[in-house]
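Protein chains: 2
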Amino acid sequence: MYTIGIDLGGTNLRIGLFNEQGEIIEEQNCSTEVEKGPHYTINIMAEAITSLKEKYEVKAIGIGAPGPLNPHEGVIIEPPNLTGWVNIPLVKLLEEKVALPVKLENDANAAALAEATLGAGKGASSVFFITVSTGIGGGFVLNGQLVSGAQGNCGEIGNMIVNPSHDAYQGPGLNKGALEGVASGTAIGRIGQERLNITNGAQGVFQLAEQGNETAQLILDEAINYLAIGLANIVHTVNPEIIVIGGGVMKSQSLILQPLIEKTKKYLYPSLKASLNIKPALLDQKAGLIGAGLLPN
Amino acid sequence: MYTIGIDLGGTNLRIGLFNEQGEIIEEQNCSTEVEKGPHYTINIMAEAITSLKEKYEVKAIGIGAPGPLNPHEGVIIEPPNLTGWVNIPLVKLLEEKVALPVKLENDANAAALAEATLGAGKGASSVFFITVSTGIGGGFVLNGQLVSGAQGNCGEIGNMIVNPSHDAYQGPGLNKGALEGVASGTAIGRIGQERLNITNGAQGVFQLAEQGNETAQLILDEAINYLAIGLANIVHTVNPEIIVIGGGVMKSQSLILQPLIEKTKKYLYPSLKASLNIKPALLDQKAGLIGAGLLPN
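Residue numbers (our numbering), protein chains in the order written: chain A, 254 to 550; chain B, 254 to 550.
To be clear, the hints were calculated from the coordinates, so they are not data collected in a lab. Hints should not be assumed to be uniformly reliable.
A pair holds if it fits inside one copy or across any two, identical chains being indistinguishable in the list.
[Unchecked claim] Okay, derived cross-link-like pairs now, EDC-like style, lysine to aspartate or glutamate, Cα gap no bigger than 20 Å in a straight line:
id, residue 1, residue 2
1, Lys532, Glu494
2, Lys429, Glu475
3, Lys526, Asp420
4, Lys526, Glu331
5, Lys375, Asp537
6, Lys516, Glu280
7, Lys429, Glu515
8, Lys356, Asp537
9, Lys539, Glu273
10, Lys516, Asp474
11, Lys519, Asp420
12, Lys518, Glu300
Next comes chain A alone, as it looks inside the complex (with noise of 0.2 Å):
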């Protein structure tokens, strides 16, 4: 028996095709031509299942999405980056046309999923993933089951306020001194334009952290002690087993992941110091696709 797997981003859509153990077996990458709107997008799902289901024994589908979404209701809310889908009813609308039950999750929820079941997070009894990117997402798998959240919001870390009184950026939804108005991507690269007054983003700190430059350095180790601030609070409420941190920022993984682990060390209850495990993530871009794989399982 396999499964489907399909990764919908704003610009990218992933199929694969997964056996039991998870493992990809077929996989194809096609733009999600957003501008097209949500019925053209979900067509071209339900080719690619059906042409599919005519090789393989399949037995579900399992999509990651953009959210706002509600998983227990299978409906794309109003994604920020996949404009045009507004309550759409993905999972219905998928499930009429090709014949399959079908899961439907956020994004980042799959992606923790797949680090927990075959990354990073492996063996762990209880695993908290974050990804650090343009924003700031994540997902918690309790013995090796997704826990999506009553409303599917399980893992929203950005919006974690970490500071109240900072001044900073507030995105639309977004928290005053919201983590990922302070540590993302994003905010690394709006506070070197504001201070540094590159205009490459966050790439441009890194670069200049890493040939020495004070202010660069200063940015990111205020956005590590935000980070540090929010994995503490996260051990603080959930006591994971492994902190796995994935995304885009920790390409930088040698600037940060070092100091990140002391920081966050500090503000843990000394007896949870010694036993504080974090790791990057291992299956980088693909960790999406092959949760949402691993999903319908």
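For chain A, the structure is supplied; the task is to place chain B on it using the hints.
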């Protein structure tokens, strides 16, 4: 078949016999007499258990105790309010004496299990319980199962940082700007002493606020605001179906509950505001004992 639940506190030792529905059949309360050392108290527990075993078919024992403790190893580490209990292997010691399986949990986790099973969270798929008293603690119950945490520290939200810029009290092991330092009964009482020159603690602040004292109302507003940040952070981290709040501070529920709900909503993603479900605890002082009785189930 019956269970025995033990609520081990710094002052009181409560022992109850429970049927399979979690109802208390017999109960005895005595003083912990912590000054006589752990072995004295453990002997009292063993005697009570032995005596109950003669009359009832007891299958197991559950104990709720103050942290830090290690529930997986059954060891009390060094709780501030159990003086002299340093690295005491309570589970092993008691199992040897009574020849029954013993399960140990943090007292707030035990209370969370009670509220989720028989109290305000009954029937919900996920329950985050919070107790706001001299300290702030909590616990998380998912699909009827207590989430203990890898080191047994799930729900230690008293140490969650809600404002790192805050100059508040920083207790032993407690973070600067941690929830417990800015929103517990102790914190409210301390701020009352500073700004109102009163010495009767949180109680005094509540009384003055009810009489319309503006400074007292402001102190409560600030504490409620920090509690709201803590609750919103919990929602964005695990998205529980219901949050149940207990503890001494909630005795002044009329002053706290409604503003707390309103402020928490302010900090939530738009898609989560309508579904926010915060309820006062139902089991009150008994939650710890009842939860201890439920632990072996």
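Index of numbered hints that the structure contradicts, given in increasing order = Structure breaks hints 3, 6, 8 and 12.
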